[in-house]
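Undergrad: Here the protein sequences line up with chains A and B, keeping their order. Following my numbering from start to finish, the first sequence increments by one per residue and tops out at 162. Following my numbering from start to finish, the second sequence increments by one per residue and tops out at 156.
By construction, these hints were calculated from the structure, which means they are not laboratory data. Hints should not be assumed to be uniformly reliable.
Claimed, not checked - For each label pair, taking beta carbons as the anchor points, the in silico distance ranges come out as:
1) B:69 - A:101: 48 to 58 Å
2) B:23 - A:3: 50 to 60 Å
3) A:91 - B:129: 47 to 57 Å
4) B:69 - A:49: 36 to 46 Å
5) B:110 - A:101: 28 to 38 Å
6) A:102 - B:122: 29 to 39 Å
7) A:113 - B:36: 13 to 23 Å
Said to hold, decoys possible - Here are some chain A residues the structure puts well away from chain B; computed CB gaps all over 10 Å:
8) 22
9) 30
10) 32
11) 42
12) 46
13) 92
14) 100
15) 106
16) 107
17) 108
18) 109
19) 113
20) 129
21) 153
Stated by the list, open to error - Quick partial rundown of chain A residues pointing at chain B, CB under 7 Å, derived from the structure:
22) 3
23) 5
24) 94
25) 96
26) 97
27) 101
28) 111
29) 114
30) 162
Note that the Cβ used here is the ideal one computed from N, Cα and C, for glycine as well.
Listed here are the chains, written in short residue letters.
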Amino acid sequence: MPGIFNLELTPGQHVALDVTVSSDELDMSRMEDGTLVDGMFWGKLDIVHSGDTHTMEFSGTRLPPGHEYSPDLLIDQRVMTKLAVVSKPTTAKCNLTILAPIVQYCDVVLTFAQFWRLGIAWPPPEEVEENKLKYFLRVHPGGALEHFESEVVSTALYYEAM
Amino acid sequence: MVDPNNFIAPRNGFAMSFRDFIPHLMNVLDQLGMSMHARTAFIKCVSFSIIGTLLMPSLVSNNMSAFSAHKNIAYRFLSPSKIAAAVDISVTAEPCLFTRLFLIFRGLNDDEVGEFDGAGEKEANAHNWREIVGWSEDSKDPEQFRVLETSVLEVT
């Protein structure tokens, strides 16, 4: 695969390199009959020049031919990976059990503060108002919780706060 | 931006290796009145994902796997007022005794664990988490209407 690098080795020192990118041993980008396979690649470039060594790593994705792409739309795969990690919200996993001495009915109301919201919850609660959720339950000694809305009996309410 | 390192620092939390952390946490949960069943469930706590209308235990995410992703772990429990500031619970039963245990933790590398000199396993064993979480003897009383909530949050 041909590659063109425009690099600034030190401030003001620009070099342009036309290279052929190839893998060391096996060419994973081609099938046995030589057909190119779409996929991602990762490469290393070492430039040894007048005693100073410059190294860089690069990665890319082969794009299907015949389409025009604006260079602005292309994002490095590793940047994407990092974005995915950063954008994953911090989630508190909460497990609520009720131990009652006798069978009785009760409402359990969860109120989320301004910067928190509900993730997954089970059984699914009723939304009373924004950031306020309610379970109407019949609780039993031994820990069984009957949730009428979803007709579920469980030993705990599970919810996530994000 | 809040620096997550401040959430768990040597002044309010403790750090130790993952190997030491699990037995230590079992001990702390015991002191906080959790039954063996509840302690085990807490540590292995399977988180759930909803598939269709079914709730399925998630195979990829549970507390044990989250803990074991780190060589060292710094942790602390939050006070009831801090927990209520995020999610408040009310129950229409009188009287109702709440025990809310909210564990926050983060992974540390071997360099970072050095910052917790003087806040390691030995010091953690001597720490009174009961006071922080507002634990009372009544939370073991089967004649009481009790709510036990356990939460785990990994800060990154």
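Undergrad: Could you check the structure against the hints above and give me the numbers of any it violates, in ascending order?
TA: Hints 1, 3, 5, 6, 7, 13, 14, 15, 16, 17, 18, 19, 22, 23, 29, 30 not satisfied by this model.
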